[in-house]
Amino acid sequence: MAVQVNSPAPAFELSGVVGKEYRKIKLSDYQGKWVVLFFYPLDFTPI
Amino acid sequence: MLGAQVLGVSTDSKFSHLAWVNQELGELTYPLLADFTKRVAKEYGVLLEKLGAALRGTFLIGPDGLVRAYTVQDLTVGRSVDEILRLVSALKTGNLCPAGWRPGEPFLPPIPKNTGK
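Note that the protein sequences, when read in sequence, are chains A and B.
Read in this note's numbering, the first sequence has 876 at position 36, and its numbers run on one by one without any break.
Read in this note's numbering, the second sequence has 156 at position 71, and its numbers run on one by one without any break.
All the given hints hold, so there is nothing to weed out.
Just so you have them, the derived chain A footprint on chain B, three or more residues with Cβ under 8 Å:
1. 115 to 125
2. 130 to 140
Straight-line distance between alpha carbons at most 25 Å, and here's what the computed BS3-like set of lysine-lysine pairs gives:
3. 99(B) / 866(A)
4. 873(A) / 127(B)
5. 99(B) / 135(B)
6. 127(B) / 866(A)
7. 99(B) / 864(A)
8. 177(B) / 866(A)
9. 99(B) / 860(A)
10. 123(B) / 860(A)
11. 864(A) / 127(B)
Hint data in this document are derived by calculation from the structure and do not stem from the laboratory.
Just so you know, even glycine gets a beta-carbon here, dropped at the ideal spot from N, CA and C.
Starting from the given sequences, assemble the full structure and let the hints guide the process.
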């Protein structure tokens, strides 16, 4: 199912790096805020 | 970014992310997420299956969790941060923003409710 404008953003929970620490982050952690979610292909390359 | 939360995602591991932060990026002001199983990239329609990596997709998600805008481009072209800021600004106003609208410029008048009937 593709993402559509005006439809709910697919939920996710992922491990990641915040500052210099590992943390789990859910999209729903940011409910009530605008979110700019960006995908990029590969670490160690210019975004 | 205009009070919005920025989240970066790739299919790299969290270990790779931290190494990148430590070796090149320095202090990053937003989280880098590890979509190691590629499930999220696939769900958002940005996964290049052969490469196992995500296209440069940018999704603007409102406070209610709805996708309000997105752009996806191929690997060879970087994003326009300026355009992302313009879109977030425009969406946050809740007004009708004409083509090429920039923050501070006038909005279009609201469409009357009986239009199109």
